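Fit chain F to the given chain P structure using the hints.
There are 2 protein chains.
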Amino acid sequence: MAVNLRAPDPAQLPAVAGVELGIAMAGVRKANRKDLLVVRLAPGTAIAGVFTRNRFCAAPVVLAKKHLGNPVRALVVNTGNANAGTGADGVKRALQVCKALAAALGCRPAQVLPFSTGVIMEPLPVERIVAGLPAAVADLRAANWASAAEAIMTTDTVAKAASARVKLSTGPATVTGIAKGSGMIRPDMATMLGFVATDAKVARPALQRMTRAAADQSFNAITVDGDTSTNDAFICLATGKGPAARSKKDLDALAGAIAGVAQTLAQAIVRDGEGATKFVTVRIEGGRSAAECRKVAYAIAHSPLVKTAFFASDPNLGRILAAIGYAGVAGLDATKVDLYLDEVLVAKGGSRHAAYREEQGAAAMKKPEFTVRALLNRGRAAATVWTCDLSFDYVKINAEYRS
Amino acid sequence: MAVNLRAPDPAQLPAVAGVELGIAMAGVRKANRKDLLVVRLAPGTAIAGVFTRNRFCAAPVVLAKKHLGNPVRALVVNTGNANAGTGADGVKRALQVCKALAAALGCRPAQVLPFSTGVIMEPLPVERIVAGLPAAVADLRAANWASAAEAIMTTDTVAKAASARVKLSTGPATVTGIAKGSGMIRPDMATMLGFVATDAKVARPALQRMTRAAADQSFNAITVDGDTSTNDAFICLATGKGPAARSKKDLDALAGAIAGVAQTLAQAIVRDGEGATKFVTVRIEGGRSAAECRKVAYAIAHSPLVKTAFFASDPNLGRILAAIGYAGVAGLDATKVDLYLDEVLVAKGGSRHAAYREEQGAAAMKKPEFTVRALLNRGRAAATVWTCDLSFDYVKINAEYRS
Chain P
334 MAVNLRAPDP
344 AQLPAVAGVE
354 LGIAMAGVRK
364 ANRKDLLVVR
374 LAPGTAIAGV
384 FTRNRFCAAP
394 VVLAKKHLGN
404 PVRALVVNTG
414 NANAGTGADG
424 VKRALQVCKA
434 LAAALGCRPA
444 QVLPFSTGVI
454 MEPLPVERIV
464 AGLPAAVADL
474 RAANWASAAE
484 AIMTTDTVAK
494 AASARVKLST
504 GPATVTGIAK
514 GSGMIRPDMA
524 TMLGFVATDA
534 KVARPALQRM
544 TRAAADQSFN
554 AITVDGDTST
564 NDAFICLATG
574 KGPAARSKKD
584 LDALAGAIAG
594 VAQTLAQAIV
604 RDGEGATKFV
614 TVRIEGGRSA
624 AECRKVAYAI
634 AHSPLVKTAF
644 FASDPNLGRI
654 LAAIGYAGVA
664 GLDATKVDLY
674 LDEVLVAKGG
684 SRHAAYREEQ
694 GAAAMKKPEF
704 TVRALLNRGR
714 AAATVWTCDL
724 SFDYVKINAE
734 YRS
Chain F
334 MAVNLRAPDP
344 AQLPAVAGVE
354 LGIAMAGVRK
364 ANRKDLLVVR
374 LAPGTAIAGV
384 FTRNRFCAAP
394 VVLAKKHLGN
404 PVRALVVNTG
414 NANAGTGADG
424 VKRALQVCKA
434 LAAALGCRPA
444 QVLPFSTGVI
454 MEPLPVERIV
464 AGLPAAVADL
474 RAANWASAAE
484 AIMTTDTVAK
494 AASARVKLST
504 GPATVTGIAK
514 GSGMIRPDMA
524 TMLGFVATDA
534 KVARPALQRM
544 TRAAADQSFN
554 AITVDGDTST
564 NDAFICLATG
574 KGPAARSKKD
584 LDALAGAIAG
594 VAQTLAQAIV
604 RDGEGATKFV
614 TVRIEGGRSA
624 AECRKVAYAI
634 AHSPLVKTAF
644 FASDPNLGRI
654 LAAIGYAGVA
664 GLDATKVDLY
674 LDEVLVAKGG
684 SRHAAYREEQ
694 GAAAMKKPEF
704 TVRALLNRGR
714 AAATVWTCDL
724 SFDYVKINAE
734 YRS
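Those sequence lines, one after another, are chains P and F.
Offset between the first sequence (1-based) and the numbering used here: plus 333.
Offset between the second sequence (1-based) and the numbering used here: plus 333.
Excised from the complex, chain P in its bound form (with noise of 0.2 Å):
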């Protein structure tokens, strides 16, 4: 299953100046499993990072928010264990990860920040996870990047890696990510964990913004289940070990290639989604504004109707125009939507096109990607959001997971 990339080259995924990463078996959850990462990175690094709106949000969450103002010197990253709904002891469990992992690199506790995926409420194995550290920081090197997203990954069946130089006028720089996830995917203001870290020399609060812009573009605009995770966290590094950004040019240029990154790691978890065989595009436009597409747009990709449509590759436009009628858009006139499989105008005016025949939709569903684009004519604002479909594998894993 999955509509998977190529899993990444470790020879195409650049180095960072200033980041080394480490990883470890520590037996977290699973034995003879990468399951610890631990990323040091150069005095100076600019940090800057979104996170889960989930209310119940993880212990490491809550920490990684509370250390993200200080001079991060590291991060560290579990999976196996998402040391949510852990309460009070959670967060104590996360800080005793910090101070190990701090002893160990020579700086204070409230200069890493930690990281958790996994199940969730049960209580985090500190001492598997302390015992690993030493392996995870002998293993530091600047080369591990494809390494690294093989620790992190979950249900995930492919790591999940992008990169990108871009040519700033002080000189190229480069700006490399991974990323994980499978299920429990409708991020709300990041994702499950991404990382994308650039030697470039920008200000933190520049870097705030372009992580917030690139999160907008990417992990907020995918879905697999709906479900927003307690664990997303999507943070972005820059070392300033390369080139500088500065002027309006430079800093354009390299949100624009943080942002692209993002948006392949993104569309990389909704490839791998679980139990996915289509990856499908939904762009609504001619919306009054983009909020309103995105409600459509998420009606659309998260109806569990069109989902399964996906999955037998039956162009059940019914299923499709009905989510758009339930979105909740106030005062959308039905007779005016259009409505496109790939380039097929399969429905014109709310009702089934003339011209259009059930192969022409079935012919483009079969292929493992196409695009459902709905023009609701009554403004110009537009939205894209990626998904996948709903399968007996989707149901097979998750009435599995765990047990």
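Calculated directly from the structure, the hints in this document are not laboratory data.
Don't take each hint at face value.
If several chains are the same, the list does not tell them apart, and a pair holds so long as it fits within one copy or across any two.
Keeping only pairs whose Cα atoms sit at most 30 Å apart, straight-line, the calculated DSS-like set for lysine-lysine is [to be verified]:
| no. | residue 1 | residue 2 |
| --- | --- | --- |
| 1 | Lys398 | Lys628 |
| 2 | Lys628 | Lys699 |
| 3 | Lys669 | Lys398 |
| 4 | Lys628 | Lys681 |
| 5 | Lys399 | Lys669 |
| 6 | Lys681 | Lys398 |
| 7 | Lys628 | Lys729 |
| 8 | Lys363 | Lys681 |
| 9 | Lys432 | Lys669 |
| 10 | Lys699 | Lys363 |
| 11 | Lys729 | Lys700 |
| 12 | Lys628 | Lys700 |
| 13 | Lys399 | Lys681 |
| 14 | Lys699 | Lys729 |
| 15 | Lys425 | Lys669 |
| 16 | Lys398 | Lys574 |
| 17 | Lys432 | Lys681 |
| 18 | Lys367 | Lys399 |
| 19 | Lys681 | Lys425 |
| 20 | Lys581 | Lys398 |
| 21 | Lys425 | Lys398 |
Fair warning: this is a prediction, and the values are worked out from it, not measured in the lab.
For chain F alone, kept in the frame of chain P given last:
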């Protein structure tokens, strides 16, 4: 599959004086299947209804809403074709059916309410329906409710009917109803199709109030897949052939009986939800408003991760708490939330309850019927929603429907 109650015993479905029902096999979509229902109403019958708020509301809904203000004499219901997403031509076809039935019964077309359910976006086969009307009219009789419940089924696996007797000060009244629905269930002001009739005499404005209140306690509190249909309609009829309800006490008693029948019918739809193996009551208490309690209840009831955990009888508390956390309740304090599975306290103050053992949660969730109860502990409001699990069969049914 399905968590159905026993199929209604025809002998247990009291007739309602002033209501006659006739069934036919019109071959709307498939041959040899009851797919056409005609209901003849005594002159003077009061009628009230609530309809889908889907902006793509179907052609018959457009006409039914328009004709509702007239002295209605008949309903006509077909399955196999929803006549939705069919534009002006769909309305014309629905009107042709009204005209044919009006001619057969000797009334005006505007005194007939049409209803359709089935595949969306295909032209209504008017000729076949009109050709089936004489048989349905010839079949008209009062003791035909159970057969009528069968005639309106689509993906339903059982017929859905319920009845109650209510003592008014002026004598005993009967309330009998039928409903259909199994998928595309997230009624918004009404369900797929529900019809409840009483012989009580009640003024139309009072009946409309009772209908709205009954809908809110029944069809508007259920969800199978979160998909609001284009054809939802819930209709209440009061023939006035029995005792009159005029005093506040009588009106309250009648309203209670109508709401009770509607609730049984609504729950029957969830019990027969596509692929359902569990019938789950989601009860949220201690909210600041019923609206925020409903938000939380629906977040749980719509989460594919929670629903697959129901299917697996897996007490995956984290998925339920995560859904509460992303439901969008502003300022919700996660550390105050308590969670019960039936009578078992599983989470206290947002974390796993110390005394809770997973076997207890698993035992509760293995039952075909159980309650998820969350206390928000921030107010006095409450809300209840009924839902079912998400199983392999849900995907199978919806990937294969139409094919």
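Now the hints, each set against the structure:
1. For a Cα distance limit of 30 Å, the shortest separation of Lys398 from Lys628 qualifies both inside one copy, at 28 Å, and across copies, at 27 Å.
2. Proximity of Lys628 to Lys699 under the C-alpha cut-off of 30 Å is restricted to the intra-copy arrangement: shortest distance 26 Å within a copy versus 36 Å between copies.
3. Proximity of Lys669 and Lys398 under a CA criterion of 30 Å is satisfied inter-copy only: 21 Å between copies versus 45 Å inside one chain copy.
4. Taking identical chains as interchangeable, the C-alpha atoms of Lys628 and Lys681 lie at most 30 Å apart only when both belong to the same chain, with a minimum of 21 Å there against 34 Å between chains.
5. Taking the shortest Cα distances, Lys399 and Lys669 sit within 30 Å of each other only across copies (22 Å), while inside one copy they are farther apart (49 Å).
6. Taking the shortest alpha-carbon separations for Lys681 and Lys398, only the inter-copy value of 25 Å comes in at or below 30 Å, while the best intra-copy value is 48 Å.
7. Taking the shortest Cα distances, Lys628 and Lys729 sit within 30 Å of each other both inside one copy (29 Å) and across copies (27 Å).
8. Taking the closest pair of Cα atoms, Lys363 and Lys681 come within 30 Å of each other only across two copies (28 Å); inside a single copy the shortest separation is 53 Å, beyond that limit.
9. Taking CA atoms no more than 30 Å apart as the test, Lys432 paired with Lys669 passes between copies only; the shortest distance there is 29 Å, against 60 Å inside one copy.
10. Within a single copy, Lys699 and Lys363 get their C-alpha atoms only as close as 38 Å, which misses the 30 Å cut-off; across copies the closest is 27 Å, which meets it.
11. For a Cα distance limit of 30 Å, the shortest separation of Lys729 from Lys700 qualifies both inside one copy, at 23 Å, and across copies, at 20 Å.
12. For the homomeric pair Lys628 and Lys700, the shortest alpha-carbon distance inside one copy (25 Å) is at most 30 Å, but the shortest distance between copies (36 Å) is not.
13. Taking identical chains as interchangeable, the C-alpha atoms of Lys399 and Lys681 lie at most 30 Å apart only when they sit on different chains, with a minimum of 25 Å there against 52 Å within one chain.
14. With identical chains, the CA atoms of Lys699 and Lys729 are at most 30 Å apart both within one copy (22 Å) and between copies (17 Å).
15. Taking the closest pair of Cα atoms, Lys425 and Lys669 come within 30 Å of each other only across two copies (19 Å); inside a single copy the shortest separation is 56 Å, beyond that limit.
16. Taking the shortest Cα distances, Lys398 and Lys574 sit within 30 Å of each other inside one copy (25 Å), while across copies they are farther apart (69 Å).
17. Proximity of Lys432 to Lys681 under the C-alpha cut-off of 30 Å is restricted to the inter-copy arrangement: shortest distance 29 Å between copies versus 62 Å within a copy.
18. Within a single copy, Lys367 and Lys399 get their C-alpha atoms as close as 27 Å, which meets the 30 Å cut-off; across copies the closest is 65 Å, which misses it.
19. In this homomeric assembly, Lys681 and Lys425 come within 30 Å of each other (Cα to Cα) only across copies, at 18 Å, whereas the closest approach inside a single copy is 58 Å.
20. Proximity of Lys581 and Lys398 under a CA criterion of 30 Å is satisfied intra-copy only: 28 Å inside one chain copy versus 58 Å between copies.
21. When the C-alpha separation of Lys425 and Lys398 is checked against a cutoff of 30 Å, the pair qualifies only within one copy, where the shortest distance is 15 Å, while the shortest distance between copies is 60 Å.
In this structure, none of the earlier numbered hints is contradicted; all agree with it.
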